[in-house]
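Generate coordinates for the entire structure from the input sequences, incorporating the hints supplied.
Chains as they are written, first to last, in this note's numbering: chain H, 1 to 164; chain P, 1 to 171.
If you're looking for bench data, these hints aren't it; they were derived computationally from the structure. A couple of the hints might just be wrong.
[Unchecked claim] Using 30 angstroms as the maximum straight-line C-alpha spacing, the simulated DSSO-like pairs for lysine-lysine come out as follows:
| # | chain 1 | residue 1 | chain 2 | residue 2 |
| --- | --- | --- | --- | --- |
| 1 | P | Lys-36 | P | Lys-169 |
| 2 | H | Lys-142 | H | Lys-162 |
| 3 | P | Lys-36 | P | Lys-53 |
| 4 | H | Lys-162 | P | Lys-53 |
| 5 | P | Lys-53 | P | Lys-169 |
| 6 | H | Lys-142 | P | Lys-53 |
| 7 | H | Lys-142 | P | Lys-169 |
Bear in mind the structure is a predicted one, so any value in this text is a computation, not a measurement.
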Amino acid sequence: MATTYEPIATTTLGSAAADITFSSISGTYTDLRLIFEGMAVSAGQDIYCQVNGDTGSNYSHTRLTGNGTAASSSRGSSLAFMRFSDGGSPQTTNTSVTKVDFMGYSNTTTYKTVINRADNSNRGTDAVVNLWRSTAAITSIKFYISSGNIASGATATLYGIKSA
Amino acid sequence: MANTYIQIASVTVGSGGASTIDFSSIPATYTDLVIKLSARVTGTGTSANIGLKFNNIGTSFSGLYLGGNGSSAVSGSPVTELTIWTATYNDSTANTFGNAEIYIPNYASANYKSVSTDGVAENNATDGRDAFTATLWSNTAAINQITLTPQVGPGDFMQYSTATLYGIKKS
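Below, the structure is given as structure tokens:
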């Protein structure tokens with residue numbers, strides 16, 4: 001059987017860092033999946049992402065969030081980053097799990113849709129869809145939080161998934 | 001490059017049903033675990049919850065959920081039901097099964113274990129449901145056993161319910 005789910009790169013932070021970046025991503029897969037587990041140095045941060053170093057206002061998202069009491073939905077447009085979390089954001093005492101799928105990341109004809117789940121058992125759970133308005137293939141992913149650092153010990157692994 | 005999404009074990013419930021689905025002797029050689037579940041359970045109701053035990057321990061779990069039932073979205077904090085609305089009951093539309101993915105990163109670490117689940121129970125009736133949960137198992141032991149149990153009275157998994165455990169390696 002063909003190999004269709006392969007690790008591309010993995011990072012475990014030995015000390016707090018502002019971001020985790022995967023670069024020089026080959027275009028040989030169909031989709032990408034990123035798995036993150038970790039905490040933040042300071043509480044209340046959200047998980048952001050930029051691809052290909054694009055800091056322009058080319059991102060939008062819609063998110064569904066539950067905080068253990070109420071459900072809500074909100075969105076943002078013409079932002080300078082993808083947003084992966086709200087209630088499911090990393091905290092200082094509870095790890096968060098974030099699963100991100102970059103769909104058709106290497107095609108050069110469509111804008112890129114990115115869907116993710118973010119969970120923090122003490123704060124919330126999110127389901128989010130992001131759009132990057134670019135037809136460029138994704139070759140780098142910068143995963144970071146809205147303010148401050150990702151805590152030491154956090155892990156992030158990028159997998160490539162092939163359709164055949 | 002090595003394939004790193006590997007089936008560890010799979011269970012299909014036979015004609016007699018089963019009160020639990022159990023994966024034991026899980027090796028610590030992977031990075032993450034994933035369970036793909038398709039389940040229908042005895043009893044009646046809208047949609048069933050499936051409970052988890054790790055290492056035959058059903059305590060020290062905490063978390064919350066976000067769900068929708070076709071008319072509204074809700075969020076709450078489950079106490080013992082660690083996957084929400086992930087199975088159909090036997091009074092649902094025939095041949096329908098709930099489905100879930102249970103993702104457990106770094107299951108063999110010495111840290112507390114986070115668990116992320118996505119579940120659905122659609123039945124072509126007035127009350128299909130889907131839900132996400134964020135769960136923490138406050139135990140530092142490596143997970144070497146996972147037990148799934150319907151959280152309904154005497155409910156059992158019905159025939160053709162399936163659960164498959166996969167291991168994922170990061171290198």
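Here is how each hint holds up against the structure:
The straight-line distance between the Cα atoms of P:Lys-36 and P:Lys-169 is roughly 17 angstroms, inside the 30 angstroms bound, and the hint therefore holds. Between H:Lys-142 and H:Lys-162 the CA atoms are separated by roughly 22 angstroms; this keeps the pair inside 30 angstroms, and the hint holds. This hinted pair checks out: P:Lys-36 and P:Lys-53 have alpha carbons roughly 16 angstroms apart, not beyond 30 angstroms. In summary, the hint linking H:Lys-162 to P:Lys-53 is not supported, as the alpha carbons are separated by about 33 angstroms, beyond the 30 angstroms threshold.
Among the hinted pairs, P:Lys-53 with P:Lys-169 is consistent with the structure: their alpha-carbon atoms are about 23 angstroms apart, no more than 30 angstroms. For the suggested pair H:Lys-142 and P:Lys-53, the alpha carbons sit about 36 angstroms apart, so the restraint of at most 30 angstroms is broken. Annotation: proposed proximity of H:Lys-142 to P:Lys-169 holds, straight-line Cα distance about 22 angstroms (limit 30 angstroms).
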